[in-house]
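Enquirer: With the hints as your guide, set chains B, C, D and E onto chain A.
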Amino acid sequence: MTRRPSLAELGLNTGKKARLYRILHRHGLGNGTAGFLPYDQGLEHGPRDFVANPASSDPRYIVKLAVEGGFNGIAIQIGLAEKFYWDYAGEVPLVLKLNGKTEIPSDAHALSPVHASVAEAVRLGADAVGYTLYVGTPAQEQDFAQFRTVREEAQRLGMPLIVWAYPRGEAVDAKGGKDSFYAVDYAARTASELGADIVKVNFPHPDKRTGVPSAYDREFTPQQAIDAVVRSANRTLVLISGGEKAGDASSSVCRTSRPVSSVPTSMMIGITCAACKVSWKTADRASCAPPS
Amino acid sequence: MTRRPSLAELGLNTGKKARLYRILHRHGLGNGTAGFLPYDQGLEHGPRDFVANPASSDPRYIVKLAVEGGFNGIAIQIGLAEKFYWDYAGEVPLVLKLNGKTEIPSDAHALSPVHASVAEAVRLGADAVGYTLYVGTPAQEQDFAQFRTVREEAQRLGMPLIVWAYPRGEAVDAKGGKDSFYAVDYAARTASELGADIVKVNFPHPDKRTGVPSAYDREFTPQQAIDAVVRSANRTLVLISGGEKAGDASSSVCRTSRPVSSVPTSMMIGITCAACKVSWKTADRASCAPPS
Amino acid sequence: MTRRPSLAELGLNTGKKARLYRILHRHGLGNGTAGFLPYDQGLEHGPRDFVANPASSDPRYIVKLAVEGGFNGIAIQIGLAEKFYWDYAGEVPLVLKLNGKTEIPSDAHALSPVHASVAEAVRLGADAVGYTLYVGTPAQEQDFAQFRTVREEAQRLGMPLIVWAYPRGEAVDAKGGKDSFYAVDYAARTASELGADIVKVNFPHPDKRTGVPSAYDREFTPQQAIDAVVRSANRTLVLISGGEKAGDASSSVCRTSRPVSSVPTSMMIGITCAACKVSWKTADRASCAPPS
Amino acid sequence: MTRRPSLAELGLNTGKKARLYRILHRHGLGNGTAGFLPYDQGLEHGPRDFVANPASSDPRYIVKLAVEGGFNGIAIQIGLAEKFYWDYAGEVPLVLKLNGKTEIPSDAHALSPVHASVAEAVRLGADAVGYTLYVGTPAQEQDFAQFRTVREEAQRLGMPLIVWAYPRGEAVDAKGGKDSFYAVDYAARTASELGADIVKVNFPHPDKRTGVPSAYDREFTPQQAIDAVVRSANRTLVLISGGEKAGDASSSVCRTSRPVSSVPTSMMIGITCAACKVSWKTADRASCAPPS
Amino acid sequence: MTRRPSLAELGLNTGKKARLYRILHRHGLGNGTAGFLPYDQGLEHGPRDFVANPASSDPRYIVKLAVEGGFNGIAIQIGLAEKFYWDYAGEVPLVLKLNGKTEIPSDAHALSPVHASVAEAVRLGADAVGYTLYVGTPAQEQDFAQFRTVREEAQRLGMPLIVWAYPRGEAVDAKGGKDSFYAVDYAARTASELGADIVKVNFPHPDKRTGVPSAYDREFTPQQAIDAVVRSANRTLVLISGGEKAGDASSSVCRTSRPVSSVPTSMMIGITCAACKVSWKTADRASCAPPS
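Residue numbers (this note's numbering), protein chains in the order written: chain A, 1 to 292; chain B, 1 to 292; chain C, 1 to 292; chain D, 1 to 292; chain E, 1 to 292.
There could be a bad hint or two in this list.
Identical chains share a label here; the pair holds if one copy fits it or two copies do between them.
What the hints assert, rightly or not - Below, in silico cross-link-like pairs of lysine to any residue (SDA-like), each with a Cα-Cα straight-line distance of 20 Å or less:
| no. | residue 1 | residue 2 |
| --- | --- | --- |
| 1 | 64 | 5 |
| 2 | 208 | 105 |
| 3 | 17 | 86 |
| 4 | 64 | 53 |
| 5 | 208 | 49 |
| 6 | 101 | 149 |
Think of the hints as simulated: they come from the structure by calculation, not from any bench.
Chain A on its own, in the form it takes in the complex:
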C-alpha cells in the first residue's frame, strides 16, 4: 500500500499549495485526512431529498453543521454560496462547485454544464473548486472541452481543482455500469491524466463484471480494487464516499467517524461525509464528524 504523498510532491503551484494546505492542515483534523460536506442534492436530485426532514432544505443549517462538525470544506453551488457562505465565511473552507445539472432529463448523453467560474470562486473566498466529469459519456467532447477551461483558469489563479469523476452514459451502462471496478478505475485515471488535483470517486465494485474488459473480468477483493484505483490516481489525492459502503442507514453513529479499514487511508486525504445525508434527515448531527 503506497504512502500518501506530501503536498510538496504533487506539482502544485504556490496558490494551489497554499489553499490545499489550509484545507488539509488548518481545518478538520489538521493531519492531512479530510472530510468534506457536499450539499448539491437540491440541484442534482431536486428537493425530494428534503421532504422527510424539511430542516435539511435550509442551506444555513448545513453550513453551520459543516462549521460545528469540523469539516474540512463544504461543497455548494454558486447560488447558495452567494446567499449563505457570508454568514460563516472563513470558518470552514468553501469548495465552489462549478457545474451541475438536474436529474430530470435523460442521462444517456450526460453532461454537467458549467455555471460559474474560478474567478467567482476567488471572489467568494473559496479554497477549491469542484467539477463533475462524466467519464465515458457520449458527450465527452463537450465535457473535456469545458473541463479544460476550468482547469486552465484554476491553474492560472492557483485554485485547487477537485474532480467528481463519475462514470456515466449509455456506453458505461453497457460495460459494467457506473459502479464497476473497471469504470471507477478508469474514472480515477482520467481525472488524473486530465489534471485534477483531487479526485472523488465512488467505491469500486469488482463483482460488477458484465461487459467489462477482460482484464477486469476475474476475481478481485474490494481491497485490491481500491488499491488499484488509488494507484491509477497516482499523485492525484483521492476522496471516496463512505456512505455507499456503510450498511445500515438507520445507524445512529455517523459512519465516517469510524475508520474504514478496507480503504488505504494512508493514501487518501479524506472521506466525503455521505453519511451526513442521513444525519440531515435524522437530525443526528452530533454523530457527524470526520474520522478521528
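Expert: Chains B, C, D and E in isolation, oriented as in the chain A frame:
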C-alpha cells in the same frame, strides 16, 4: 411558516440591494410585498391574446396601466422597452426580460434564447432583469450555459436577477407535468442553487402525481406544497402567479387585490398580476392593483 | 386606423434617427412613405429569376434603376454592395442585407446565416441594415442568437434595422402556413418585441385557417387583418410587399405606382417594389416607381 | 458577350488590387488571362492520385513546375506552403487554400473546414487566398458563417479571395446534380453575392435537367450556359477548369495550351490547369503551360 | 528510397528548429533517428493496461524509464506532466499531448478533444506538442477546426507539432479499415497538408483491400507501401510504431532495439517504442532502448 428575509440577509452586493430596495420599498405598496406586470405574451403566445381586446396590443397602454395601477415593475422585452419605456421612464421600475421565444415550434426541447444583455438593461435604466429557465428540458446544457453569462453579468453590474423557473420539456411531461408539486419545487430550488435573486413559479399542484418520485407520491395540501416551495427557494425571494389559482375569469374584481390566504405571503415578496391579462381584455383596469 | 408615428416617437438613438430621416425624407417622395428595391433573388432563388430577361442579372442595371426610379433605398448583399454601390454611392440609400441563404437545401429548419456585419455597412456608407428572421422555425434559438448580435451592433452604431419577418419552417406549415393572418401577425409582433426598427411582412391571408389558433379561426376581412398586423407592430414601422397582392403579372403598369387602398398607408412607411421583379423581366422599367 | 472588366471596376481596395495586378499582369502571360495550378488532391482525394506517377507526390516537383510553366499562381494548403513555398518564394504567386477536407466521410452534408487564416497567408507572402464553398449543402449555415470570417479578414488585409464554388450535398444531387447548368449558375452567383473576388466553377452541363427548376428545363447550348454563368458572376472574375471539358486524357498535348473556343475568355481571367493532373501522371510536363 | 531531409529543409521557424534539434541531436542517439515513449494508455485505454503489471501504472516509473533508456522524448497528457515531469525536467524532452479521449463511448464519429494548450506546453518546458487527428472521421469538421487552433498556436510559439494521424470512424471501416495501406497513406498525407512537423502512423497493410479505391486494390509489398507513405508525408518527418510489427509479445528482447529492415529509416526519424508497453508489463526495462 418562515418569515420573509430582509434584504440585508440575502447576500446581495450593493447595486443589487439598491435596486431591489427601490423596487420593493419605493414603488407599489412600499412594504416589501410587490406586484409585477409582465407583458411578453405578444412574443410568447403571439398577438392571439390581443384579438379580443385590440387595445391590449398597445404597449403604451400597458406601461401606463403599470404606472397608474401602482405596480412595482413592468417586465417587457428589449424591443418594447426601447420603444415605450421612455414615455414613463422612472415612474415604474423596468424589468428587462432578456430571453424569450415564440410558441410556434415544438416545446419538447424547450429553450428560451437570450436576445438582450444586462448592459442594455443598465442603459435603459432597468432595475432588474428577467430570465426564463426551463427546468428539466433536454436542452438544459445550453440553458444553464446562457444563464451563466446572464448571472455573471448581472452580478458584475449589480442588477437583480429574476428567474421565471418553468418546468418544461418531454422529460417533465413524463414525470408529473409542468404544474406538479414535484416539478415546481424542483424549479424553485434550481433557480436558487444557480443564483437567482428572485424566482417566479406557478402554483404547485400536489395532486398531479403520475410519474413523480416517491417522495411526492402522497397526499399534500396546497398549503404544504407552497410552504415546501418557499423553503426550497430559501433566501431567493418568491413570486407566485395568482392568476392560475383564481377561478372565474369573468370576475370583475381583479384577483390579485384579494389576499391569497393559502400562500405564505410573509415569505413571498409579490404576486404577479396574472389577473391583469383578464383586465386587458375586459378593460377593467381599475380593479388591477397589487394586494393591499 | 392609427396614424403613422413620427420618428421622434420611436425611441431611436441619434444615429438611427438621422439615417432614417435621410431615407424617408431626403429620398423618394420625401414624405415618410417609402419604396425599397430589394435585389437578393440571385442568392435566395438563384439566377433562375434572370433567365427570361438576362439584363436583370446585372446589378449595375438594378442600382441605376433604383436611382432613376426615385426609390428610398436598395437592399443588396455584401458582395454586390462592394462591387456595385460605389458607382452610385450616396445617390440612393444602401440597405445592406446582413444574412441570406440559397433555396437549395430543405426549408424545414430554416435559418438565414449572417455573412456581414453592421460595421461593414458603416464602412460602405449604408443607411440601414436588413435581417431575415424566420419566425416559427425550429432553428429559432440560433436565429434569435444571431439576430441579437446584429441588433446590438446596430444599436451601438446608430444603424436602423429592417427585419424581413417571414414565417417559415415545418411548425409554421402545420399551423396555417407562412401567409396566414396568424403567422404574419405573429411575425410582425416578434420583430417588434425583439427590437426591429422597421419590419417587412407579406400580406396576411385571413382565409388560411387550417391549424391556426382559435382566435384566428373566424372571418376577418383583409382590412381587419392588415390593421391588426400594423397594431401588432406598434412603433415598428411596417413595410408590406405590394407585389403579392397585385393580380396580373403581365400588367404593363407597375403596381406599386397605384395606391393600395386596402393598406393603412397612414401607418406604413412604404411598399417594397415587388412589382419590379416583373419589370426586370419585361424591361418595363419606366413604370417602376414608388407610389405618388 | 460582355467584355472583361478592368481591375479598376471591381470595387477592390488597394491591397486587393495590388495583389491581383501582380498575379494577372506580372506573371504568366501578363495580359489578364491567367492559369493557376491547384495542388490539393493529396488532401481532397488522398494520395491515390499519385500512385501511377509517384513523382507527382512531391510538392517540390509541382511548385517547380508552376514556376517553369509560367503559371500565374499555385494553390496549395498551409502544410505544403510552409514546407515548400520558401524554395521558390516570389517566383510564382502563392494562393493559400484556407479550407479543405478528405473525401473519406460522406458528402451528404458537405462542409470544408477552415484550417488556416488570411493572416497566415500574409505571413507566407501569398497573393490570394482560396476558399471552397459547397453551394447547396445542408451545412450551408456553417459554411456561410466560416466564409464570412474569411471574407472579412481578407477585406481587412487587402487579400484577394478566390472561391471554389462547388455545388454539393444531397439537395444538389436531387436537383440536377453538381454539374448541371442550374447548379453551376447558382454557385457562381452565390459566390458573387457573398463577396468573392474571383470564382472558380466547373463547366456547366445544360443537358443535366433532371430535377432542375423550370427555367433551366429546356435546351441551352454550352455557349449559352457559360455566357449565363459569367453574367451571374458579374464583376466577380471567373475561372473555369478546362480539364473537365477536354476529351482525351491520354492526349500528349496539354489541353490548356489550346484556346477553348466555347468559353468567353474575354470575360474570364483564366483557366485552371486541370490538364496538369494528367501531366503529373504522364510526366509530360513540357506541354503544361497557360494558354498563349 | 529518398534520403531523410535535414532540419534546414523543412520550412521550420527558429523556435521549431531549435526544439527539434534538441530532441533529435541532443538526446537519444543524437543522430537524427529518435525513439519516443508515449504514455497515454491510462486515458486512451484506461488502466486495464496496467492490471498485469501494476508498476506500469506509476508515471514516475515511466518517466524514469524514458530518462534511463535514452529516449528522445516522452509523450504524456497535461495531468501527468504537471505532476511528474518536474522530477526529471530537462533530462528527457517532454512532448505534451494536447488531446485525448477515453475508449468508452463509440468510435463511429471519433474525435479527440483538446484539453491543453501550446502555451501550457511552453510553461512546462516541453519541446514538442502532440495532437491525435482522426483522419476520415465523420467529425472531421470539428477535428480540423480544433487542429487549426493548435497548429496556429504552435507556429506562433515555435513549438514542433507531432501529429498522431490515425484513420478512424465508420467511413474508414467501410473503406479498408484503419490499418489499410490506403488509410495510412491518406493519413500521412493529410497530416502533411494540414501542417504537421512530424507525423506518427501505424504500419500500412497493403493486403487490406476490401473497399479501398482502385489505385490501392492491387499487389504491393510492405516495402512499397511504407515507401509510398514516406513519400506522401514529404517533408513531414515520419514516426512509425514498431510494436505492431513485432511478432512475439513474450520476447524478452525489446523489439525496437533491433533494426526494422523493412522501413526506410533513412527517411524516418524514429520509432515509437511500442514494445515498451510489453516491457512495462514484464518489467524487462533493460531491453528498452532506441535502435542503435
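Enquirer: Are the hints correct? Go through all of them and say.
Expert: Right, here's what the structure says about each hint:
Only between protomers do residue 64 and residue 5 lie at most 20 Å apart by alpha-carbon distance; the minimum there is 18 Å, versus 31 Å within a single protomer. With identical chains, the CA atoms of residue 208 and residue 105 are at most 20 Å apart between copies only, with a shortest distance of 19 Å across copies and 26 Å within one. In this assembly of identical chains, residue 17 and residue 86 lie within 20 Å of each other by CA distance solely across copies; the values are 15 Å between and 24 Å within a copy. For a Cα distance limit of 20 Å, the shortest separation of residue 64 from residue 53 inside one copy, 16 Å, qualifies, whereas the shortest one across copies, 47 Å, does not.
For the homomeric pair residue 208 and residue 49, the shortest alpha-carbon distance between copies (19 Å) is at most 20 Å, but the shortest distance inside one copy (27 Å) is not. Taking the closest pair of Cα atoms, residue 101 and residue 149 come within 20 Å of each other both inside a single copy (18 Å) and across two copies (16 Å).
Of the numbered hints listed earlier, not one is contradicted by the structure.
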